[in-house]
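Line by line, the protein sequences are chains A and B. Just so we're aligned: the first sequence equals residues 17 to 382 in our numbering. Just so we're aligned: the second sequence equals residues 1119 to 1446 in our numbering.
Just so you know, these hints were derived from the structure itself, not from any lab. Heads up, the beta-carbon is just placed ideally off N, CA and C, and yes, glycines get one too. Please note that the accuracy of each hint is not assured.
Straight-line C-alpha distance at most 27 Å; calculated BS3-like pairs for lysine-lysine [as the list claims (entries may be wrong)]: (1) B:K1345 x A:K327; (2) A:K97 x B:K1259; (3) A:K183 x B:K1391; (4) A:K167 x B:K1259; (5) A:K86 x A:K167; (6) A:K232 x B:K1391; (7) B:K1259 x A:K276; (8) B:K1391 x A:K376; (9) B:K1345 x A:K183; (10) B:K1351 x A:K167; (11) B:K1291 x B:K1337; (12) A:K183 x A:K167; (13) B:K1345 x A:K167; (14) B:K1259 x A:K256.
For each label pair, taking beta carbons as the anchor points, the in silico distance ranges come out as [unchecked claim]: (15) B:M1335 x A:R174: 51 to 57 Å; (16) B:A1165 x A:A185: 55 to 61 Å; (17) A:V272 x B:G1398: 17 to 23 Å; (18) B:T1152 x A:A284: 51 to 57 Å; (19) A:R174 x B:G1346: 33 to 39 Å; (20) B:K1158 x A:A185: 51 to 57 Å; (21) A:P189 x B:S1340: 17 to 23 Å; (22) B:R1334 x A:N279: 55 to 61 Å; (23) A:K183 x B:S1340: 25 to 31 Å; (24) B:A1396 x A:D310: 54 to 60 Å; (25) A:E358 x B:L1317: 21 to 27 Å; (26) B:A1165 x A:T145: 21 to 27 Å; (27) B:S1340 x A:R186: 21 to 27 Å; (28) A:K97 x B:S1368: 35 to 41 Å.
Residues of chain A placed beyond 12 Å of chain B at every Cβ, according to the derived structure [said to hold, decoys possible]: (29) S69; (30) R89; (31) E173; (32) V176; (33) R234; (34) L302; (35) N326; (36) A360; (37) R368.
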Amino acid sequence: MAKKRSTKRKAPRKTKQQSTSRKSTKRTVSRAASRTVSRSTAKRPSKRRGPRSASERVAGLLVLLPWLMKRKRVRLSEVAKQFRMSEEDLVADIQMAAVCGVPPYTPDALIDVFIDDGWIVAEVPNFFTRPLRLTSAEMYAVVAMVRAAQKLPGAPERSVLARAVAKLARLAPEAVDAPIHIDLPDEPHLEDLRAAQADSAELRIEHMNPSTAEVKQRTIRVVRIFSDHGHWYVMADDDKSGAIRNFRVDRIQSIVRTGKVYNQADVASRVDDDGERGWFGSDLELVTLRVRGDATWIAEAYPTVSRTQNKDGSIDVSLRITSEHWLSRLLLRGGRNVQVIEPAKYVDLSRRTARAVRAKYAQPRG
Amino acid sequence: MPKKSPQRSTAKAPSRINAAERMLNLLALLSARTQPITLKQIRAELANQYSEDNEAARAQFERDKSDLRALGIPIEGSVLGGAQAGETAYSVNRNSYELSDMGFTPEELQALQVAAAIVHLGAQEGEQALWKLGAERVNPKIGPRATIGFTDPHLNVILEAISKRAPLTFMYKGEERSVDTYGMLARRGFWYLIGHDHLRNAQRVFRVDRIESEIRMGKGNSYVIPKGLNIAKSVPTDRQMMASGDYEHSTAHVRVDASLVRIVTREFGETAKISDEADGSAVFEVPCSNGYAFRLWLFAMVDKAEVVSPPEVRDMVVRWLDDLAESA
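Just chain A, with the same shape it has in the complex (with noise of 0.2 Å):
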């Protein structure tokens, strides 16, 4: 997974702000939200290269067609997006299983399914009125996700989930062993910020910057929390930067209300969830640096421009950063593994950081 991930970034949730107040808003991006959009480009409606395949259709008609039959009557706009087909494949699925059946293939004989101003109607059902039975990894996939779900804020009632578990445990009991577990971080912020999102309501926060360890007050009116690579995020539209930005959940040190109330599609709406661009502004300073031993993780755990390797096992890796004090970090934390190969201005950094922590120890303690 993360070999994919590290050179092929999607864009950031732009905003529309960001070119006003680029600042803000480049390092917490860079660093949350990239790795979101990254992995959950199958949210989006499929852009197919191509003609999709004659088994590629059966088997999404063999999915659709019981689910339409359950429903009878569903827009067509609506199955389009739910199944992230477009419309014009959608038609052509459902046309052509419109004269699909058994011989002798009259009306009564076919799939009683068609189109009718816009809508898909399938009142009678006949044939293909089963869904096709769970694999292994979908199974698995609905067992772990309804416990990971569940223990979040929001989540549906325990009882209700535990009975719908149930339900697929005599389908397979050996999924509910539960042999998939997803590992959330447990954040006891996320309750307030789940409140206040759905109050509309506009919290101070005191925020902790990484890098500086300083805290600073914000005032921010929630856009959305997601987690990601193990930590949770609130996009968040921030008064200080007026900008659309992510703040790391457990950098929040508290959250009070203000007691304003806010226009959820209003600040939503400055959020463009379409707007892609390369991930790599060309405002991010671009470093590359070599890596080698037990600072291969670095290679790993950021986005990266680049990446090669050497024949003597290292890494060179090229990735922006969004300050000079979080790749001070980062080199610090790599040791004599990482080396800066440019700009030459940051060749010295490792030594001039390592210098600067180790004053602190000039005083004997203990």
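Since chain A is already given, all that's left is putting chain B on it; use the hints.
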């Protein structure tokens, strides 16, 4: 009798469409029949849908059969005797591929939908499962949502192996490993596989994206998963890593700046806090048996953390810093 299909002409790429149509018709036919039927009979029923050429028709049929099998629909063949001796008759058992009625209440389906939206798998599996269960993908605007990458091509094989209790063989760190797979853990953006490694003859953890080869699956029912195995606890956390070494000092006292006190408290618990200082900083007792993990943790705080004691650990940190400060 040829099919009447006014809409057929509107579709593009006729050859592909015909194959999809033919597959659906084949499945409908076999599902509707209570008795197995031969390819000859199938071709007669699906008039003009298979090639007139015997060999080409056989090839088309075999492809349809294998495509359907890949979708989880096994078409069984049985060799006939008597008048049709030697011919194979085909059938499909609906009960073998159709989902039985789950009997979900609307409330339960709704709960599944919401759960799937809160913990979203960045792949098809979660959604496919929802649709099959008759539920929908929903998009709640309020509340926390987690997206878990589920795109590693190895995941499906591993999950299938777990469900079949079939051992897996793959290359890992340059060695061929044969592993009885017990479970998987998603943590911090990575998937881990937990199982019994026959090479080491011990339980081991493998990071899935570091598997260096294709994965081969062995015979099913080859092992049992140990009772009471806790998958989450099988993969050490960063904190456990810091305690999993053989350094002579197992813990160190570290003074942490006020701004980081909350985070460190969350990491190690209130009990790890030894003292609160007047300036808001605090001293924590943290594990340091694993020097490497300890260094990664400590230096993430750059100059906002300082080892106070024991002197040996403090000296070790000073040596690390001196070594780096003097590096060429």
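Verification of the supplied hints:
| no. | hint | result |
| --- | --- | --- |
| 1 | B:K1345 x A:K327 | 46 Å, violated |
| 2 | A:K97 x B:K1259 | 17 Å, holds |
| 3 | A:K183 x B:K1391 | 45 Å, violated |
| 4 | A:K167 x B:K1259 | 18 Å, holds |
| 5 | A:K86 x A:K167 | 31 Å, violated |
| 6 | A:K232 x B:K1391 | 24 Å, holds |
| 7 | B:K1259 x A:K276 | 20 Å, holds |
| 8 | B:K1391 x A:K376 | 21 Å, holds |
| 9 | B:K1345 x A:K183 | 22 Å, holds |
| 10 | B:K1351 x A:K167 | 17 Å, holds |
| 11 | B:K1291 x B:K1337 | 24 Å, holds |
| 12 | A:K183 x A:K167 | 20 Å, holds |
| 13 | B:K1345 x A:K167 | 24 Å, holds |
| 14 | B:K1259 x A:K256 | 24 Å, holds |
| 15 | B:M1335 x A:R174: 51 to 57 Å | 35 Å, violated |
| 16 | B:A1165 x A:A185: 55 to 61 Å | 45 Å, violated |
| 17 | A:V272 x B:G1398: 17 to 23 Å | 19 Å, holds |
| 18 | B:T1152 x A:A284: 51 to 57 Å | 56 Å, holds |
| 19 | A:R174 x B:G1346: 33 to 39 Å | 22 Å, violated |
| 20 | B:K1158 x A:A185: 51 to 57 Å | 44 Å, violated |
| 21 | A:P189 x B:S1340: 17 to 23 Å | 18 Å, holds |
| 22 | B:R1334 x A:N279: 55 to 61 Å | 57 Å, holds |
| 23 | A:K183 x B:S1340: 25 to 31 Å | 29 Å, holds |
| 24 | B:A1396 x A:D310: 54 to 60 Å | 38 Å, violated |
| 25 | A:E358 x B:L1317: 21 to 27 Å | 42 Å, violated |
| 26 | B:A1165 x A:T145: 21 to 27 Å | 25 Å, holds |
| 27 | B:S1340 x A:R186: 21 to 27 Å | 25 Å, holds |
| 28 | A:K97 x B:S1368: 35 to 41 Å | 56 Å, violated |
| 29 | S69 | 7 Å, violated |
| 30 | R89 | 15 Å, holds |
| 31 | E173 | 7 Å, violated |
| 32 | V176 | 4 Å, violated |
| 33 | R234 | 14 Å, holds |
| 34 | L302 | 22 Å, holds |
| 35 | N326 | 18 Å, holds |
| 36 | A360 | 15 Å, holds |
| 37 | R368 | 8 Å, violated |
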